[in-house]
Amino acid sequence: MSGIVLSKGIRNNLQQLQSTAANIATTQSRLATGKKVNSALDNPANFFTSNSLNDRAGDLGDLLDGIGNAIQTINAANNGIQAITNLVKSAQSTAKQAIQSAPTTGRLTGSGTSAATLTSSTSLTSSLGFTAGDTITVGDGTNTLTLTVGAAGSYAGVTGGGTATQTATVGSVQDILDAVNASTGGTSNLKATAALTSDGKLQIESVGSNAVSLQTNSSATNASVAALGFVGANGATALSATGTTNASRNTLSAQFDQILSQIDQLAKDSGYNGKNLLSGDSVKVTFNEKTGGQQSSLAISGVDDSSTGLGISKSANSFQTDKNINDSLNNLSNALDKLRTQSSTLGSNLSVVQARQDFTKQTINTLKQGADNLVLADQNEEAANLLALQTRQQLSQTALSLANQADQGVLRLF
Numbered sequence: 001m002s003g004i005v006l007s008k009g010i011r012n013n014l015q016q017l018q019s020t021a022a023n024i025a026t027t028q029s030r031l032a033t034g035k036k037v038n039s040a041l042d043n044p045a046n047f048f049t050s051n052s053l054n055d056r057a058g059d060l061g062d063l064l065d066g067i068g069n070a071i072q073t074i075n076a077a078n079n080g081i082q083a084i085t086n087l088v089k090s091a092q093s094t095a096k097q098a099i100q101s102a103p104t105t106g107r108l109t110g111s112g113t114s115a116a117t118l119t120s121s122t123s124l125t126s127s128l129g130f131t132a133g134d135t136i137t138v139g140d141g142t143n144t145l146t147l148t149v150g151a152a153g154s155y156a157g158v159t160g161g162g163t164a165t166q167t168a169t170v171g172s173v174q175d176i177l178d179a180v181n182a183s184t185g186g187t188s189n190l191k192a193t194a195a196l197t198s199d200g201k202l203q204i205e206s207v208g209s210n211a212v213s214l215q216t217n218s219s220a221t222n223a224s225v226a227a228l229g230f231v232g233a234n235g236a237t238a239l240s241a242t243g244t245t246n247a248s249r250n251t252l253s254a255q256f257d258q259i260l261s262q263i264d265q266l267a268k269d270s271g272y273n274g275k276n277l278l279s280g281d282s283v284k285v286t287f288n289e290k291t292g293g294q295q296s297s298l299a300i301s302g303v304d305d306s307s308t309g310l311g312i313s314k315s316a317n318s319f320q321t322d323k324n325i326n327d328s329l330n331n332l333s334n335a336l337d338k339l340r341t342q343s344s345t346l347g348s349n350l351s352v353v354q355a356r357q358d359f360t361k362q363t364i365n366t367l368k369q370g371a372d373n374l375v376l377a378d379q380n381e382e383a384a385n386l387l388a389l390q391t392r393q394q395l396s397q398t399a400l401s402l403a404n405q406a407d408q409g410v411l412r413l414f
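With UniProt numbering applied, the sequence shown closes on residue 414, and no number is skipped along the way.
Derived by calculation from the structure, the hints in this document are not laboratory data.
Note that the structure is predicted; figures quoted are calculated from it, not measured.
Note that beta-carbon positions come from the ideal geometry of N, C-alpha and C, so glycine has one too.
Straight-line Cα separation of at most 30 Å, BS3-like style, residue types lysine-lysine; simulated pairs:
{"hint": "1", "residue 1": "Lys-338", "residue 2": "Lys-268"}
{"hint": "2", "residue 1": "Lys-275", "residue 2": "Lys-314"}
{"hint": "3", "residue 1": "Lys-314", "residue 2": "Lys-338"}
{"hint": "4", "residue 1": "Lys-314", "residue 2": "Lys-201"}
{"hint": "5", "residue 1": "Lys-268", "residue 2": "Lys-89"}
{"hint": "6", "residue 1": "Lys-275", "residue 2": "Lys-361"}
{"hint": "7", "residue 1": "Lys-361", "residue 2": "Lys-36"}
{"hint": "8", "residue 1": "Lys-338", "residue 2": "Lys-89"}
{"hint": "9", "residue 1": "Lys-361", "residue 2": "Lys-290"}
{"hint": "10", "residue 1": "Lys-284", "residue 2": "Lys-338"}
{"hint": "11", "residue 1": "Lys-290", "residue 2": "Lys-275"}
{"hint": "12", "residue 1": "Lys-368", "residue 2": "Lys-35"}
{"hint": "13", "residue 1": "Lys-314", "residue 2": "Lys-89"}
{"hint": "14", "residue 1": "Lys-284", "residue 2": "Lys-268"}
{"hint": "15", "residue 1": "Lys-96", "residue 2": "Lys-338"}
{"hint": "16", "residue 1": "Lys-368", "residue 2": "Lys-36"}
{"hint": "17", "residue 1": "Lys-368", "residue 2": "Lys-284"}
{"hint": "18", "residue 1": "Lys-89", "residue 2": "Lys-275"}
{"hint": "19", "residue 1": "Lys-361", "residue 2": "Lys-284"}
{"hint": "20", "residue 1": "Lys-275", "residue 2": "Lys-338"}
{"hint": "21", "residue 1": "Lys-96", "residue 2": "Lys-268"}
{"hint": "22", "residue 1": "Lys-96", "residue 2": "Lys-201"}
{"hint": "23", "residue 1": "Lys-368", "residue 2": "Lys-290"}
{"hint": "24", "residue 1": "Lys-268", "residue 2": "Lys-314"}
{"hint": "25", "residue 1": "Lys-314", "residue 2": "Lys-96"}
{"hint": "26", "residue 1": "Lys-361", "residue 2": "Lys-35"}
Simulated DEER-style distance windows between Cβ atoms:
{"hint": "27", "residue 1": "Ala-102", "residue 2": "Gly-141", "range": "21 to 27 Å"}
{"hint": "28", "residue 1": "Gly-157", "residue 2": "Gln-258", "range": "29 to 35 Å"}
{"hint": "29", "residue 1": "Gln-100", "residue 2": "Val-352", "range": "42 to 48 Å"}
{"hint": "30", "residue 1": "Gly-157", "residue 2": "Gln-294", "range": "54 to 60 Å"}
{"hint": "31", "residue 1": "Gln-354", "residue 2": "Ala-45", "range": "34 to 40 Å"}
{"hint": "32", "residue 1": "Asp-337", "residue 2": "Gln-72", "range": "23 to 29 Å"}
{"hint": "33", "residue 1": "Glu-289", "residue 2": "Leu-387", "range": "40 to 46 Å"}
{"hint": "34", "residue 1": "Gly-347", "residue 2": "Ala-32", "range": "50 to 56 Å"}
Sequences are here, hints too, so could you generate the full structure?
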């Protein structure tokens, strides 16, 4: 067709029609796809930049799933802590109820006008007048613990644990308390506990219905024994008392142990999607798509909120002594402090993760909007362009027809 000769007017109008048709095709494509940049051929810089922004938005969107799981894991742990806190408070109530029930144990409490006001650091030799080598024997009718008076700092634990005859060297009132209490419970046989009363008197108490006795050797001076608060306990004479088992305390002790069992089960059930922050699991929350040193993340450490992890032991000696109950109450108080601290830490972590979740969502929107600004077409503008192009096309077709008629005028000359 290259041999066909067109007049200048027809050729110009034809070129204009071809250009207009190409523009109409481009505009129609933009209206159909909604984009002004559909491939790298349209605008390489905008195309690849938009893809990069969309890729990052996609990566952050993938991370939102992990962030959402972390939030639910924290919520599950926090719910568990609240429930465990309620159980600990219930155990407190049970222990307090037990201590209000009068103990029926045998008790030997220091008394008398010559009895000294004792403290844990009171020396048996320099303060009470005992002589090194004197002995103080605590018994329960079957088992004995013989305490030999020595220098300050001489206590090194109890020997013969688990047998009927145990011994220890003591230099202070605190050593007596430690030795007696170390000889009771577990594999030890002595059924007695020791404590200082609020007015500074030594108190030896039997466990349950067991008997309790205290006796010094015959060479111990009456003044020393009187200062300890147990007149008449030296020589061949032993002071003794017998108790009976308190049924109410037995029942409350069983209830207390059942609550601890529920605490253990609750801690195990406080997980989410395979992660349990109350059973020692840790969670790492990743906030950006980077790796290595440029990665933003938060490590949430797990804790052990079982009764053992919280430092709560089962009721000792069926709560038959006030000391056993007070020990449990102290453990429960410490456990509540731990739980409050853990709840505060989880709350802080939750606030951080939620803030990062909101920030990530906003960043994704920003990235997507930026990517769209680079490639999306303005539908209103493109519709107006199409209408203008169609009008121009019609005008060009009319002009082409007029040019063609001008060329045909030559034929009239013949």
